[in-house]
Amino acid sequence: MAKKEKGYGTHLKVSTKRAGHKIGGTIGIFIFLLVLALFMALPIYLAVVMSLKPVQELFVFPPKLYVIDPTLSNYSAMFRLCSDLWVPFSRYVVNSVGVTVTVTVCQVIFASMAAFCLAKVRFPGAKAINAIIVVSLLYQSNVIYIMQYMVMAKLHMIDTPWALILPSIAAPMNLFLMRQSMSQVPDAMIEAAKVDGAGMFRICWQIVMPNQKPALMTVIIFSFQAAWNIQGGTLVFSESLKTLPTVVQQAAAAGLARAGVAMAAAVFMLVPPIVIFMLAQRQVIETMAHSGIKD
Amino acid sequence: MLDSAEIGKRTRKENRRLTWLAVKQNKSSYLMILPFMLFFLVFTIVPVVMSLPMGFTDFNMVQMPKFVGLSNYTTLFLSDKIFIQSIRVTLVFALFTGPISYILCFLLAWLINELHPRLRTIFTLIFYAPSMANVYTVWKLIFSGDSYGYINSFLLDLGIISSPIQWLTDGNYVLGVTIVVQMWISLGAGFLALRAGFQNIDRSQYEAGAIEGIKSRWQELIYITIPSMGPQLMFAAVMQIVSSFTAGTVSQNLVGFPSTDYQAHTIMNHAYDYGWIRYEMGYASAICMILFVVMYILNKLIGKILSKYMD
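Residue numbers (the numbering used here), protein chains in the order written: chain A, 1 to 295; chain B, 1 to 311.
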């Protein structure tokens, strides 16, 4: 932390030139990552290829890594299978978007505020809460779901949109991540703001949060991804309340015979999280380029 | 807050008054954690507390739970051979996927950080995408047991094998295949948190380091980067423990449930078996409890090691 005060130079541009960084080494790293990335991307590439294959191409021998006669028939089959039910497809989209946006916004705001207090304010009970958060991450029991169901039943939430939204709002993982990141904020910064007369709420949102872009964007990615995949099969049973993952999976569930449709479903569900990921990452890069350094 | 020596001198009554004062002083903090804590209490704490005593009962979800003392635990360790097998599988599984993924998460997050910002985004996405994707069908086709499977067809082509290998049903291979796929999806939360940690490091620290005589990437990593990444390293460690010890969905989706000869049967699969197939919730809770204790001890241990290293 002491080094920070020295603050040599305030570059306005992000450059990758640093001491001891030879260009040869950078190229070596690039090639290493590229090879690994090709391997990592292969199954997803295959999913995209298979989703574009017509039925007769799915089971040719030997299996091909590319598609000869690409078609969108798997995608149209998926939409058709989803719309065969008496609820229009757009209804599921609205449900999913509603649940995802509500959960993500609440998760991010609530977790950020709580994380700030737990990381930077010492109040009676803070230590205990911090410990409970970590323990709750480790306690994975499938019995919890039953107890959660009982709690929701008591609150008359079953078969309402709330059953999908409320249980997901307090995600200890996001709080834990934000708290870890905020613990690196120098105390002096907060003390200075206090002296200037800023309240806790203002310190959190106007002074600390703008410096937490990378962690914040990561939490947004996590929240979005989790919320987008909420299934809630047992929590809502009215067709008009179901979300995309449930329905899309129904359409794809018929073994290998519908492998093409299953792939189309997987690719379709993967697109929104990737878009959010790209947007969030661009935000991080832009802030880095503008401010250059943290404070 | 007061230090403990000072508290010792005060009477209890005074103590309580001071705590109350501290509570009142931090009113805004309590208000700010309230929304999170409210939902956390209702949907996590209450269900967890309700589930804790279940391990000591016989509960089939229809009748009221019946208290049976420690019998679930004694059965588990003394007569449930498959449970002992699942411990072995989980340990092998966690030993492979845990440390290797953790090191991989850190190494890749670091190497990506050495590249140009545009390339960083692309590589981060490619490495993170598997944990977002739900493509077990692809893996099933890759490891398919007939010669239509990608791996079999590739190996047959090269002449390494003469007949297709039953990757997903042969007891010798199921655990290996599960580990490979788990590794593929394991660059998840921990990896992204570490990426964020790297992005958050103050650039002036590197510049200061350069003036103080840092000569290579390695020195920069060891003297500047790692010491300021403690919190993210801890987060990634916790995430890695959880994901490697509670893995079960991969094997369930890939090699079937139960897997051949229970060769890929993890503790979590065992809990699923008793909880959702046999409806023996008491027994399932006991299994989860044992898993929790193991993870808790491991978490404490890693926390100790990391904090020692950071100081």
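Treat the hints loosely; a few may be bogus.
To be verified - Below are the DSS-like pairs computed for lysine-lysine, each with C-alpha atoms no more than 30 angstroms apart in a straight line:
| hint | chain 1 | residue 1 | chain 2 | residue 2 |
| --- | --- | --- | --- | --- |
| 1 | B | LYS24 | B | LYS13 |
| 2 | B | LYS24 | A | LYS194 |
| 3 | B | LYS66 | A | LYS22 |
| 4 | A | LYS127 | B | LYS66 |
| 5 | B | LYS66 | A | LYS154 |
| 6 | B | LYS27 | B | LYS13 |
If you're looking for bench data, these hints aren't it; they were derived computationally from the structure. If you're wondering where the values come from, they're calculated on a predicted model, not measured in any experiment.
Against the structure, the hints come out as follows:
1. LYS24(B) with LYS13(B): 17 angstroms, holds
2. LYS24(B) with LYS194(A): Holds, because 17 angstroms separates the two Cα atoms, which is no more than 30 angstroms.
3. LYS66(B) with LYS22(A): Not OK: LYS66(B) and LYS22(A) at ~69 angstroms, beyond 30 angstroms, violated.
4. LYS127(A) with LYS66(B): 36 angstroms, violated
5. LYS66(B) with LYS154(A): 22 angstroms, holds
6. LYS27(B) with LYS13(B): Status holds; Cα separation ~21 angstroms.
Taken one by one, the earlier hints fail for this structure at numbers 3 and 4, listed in ascending order.
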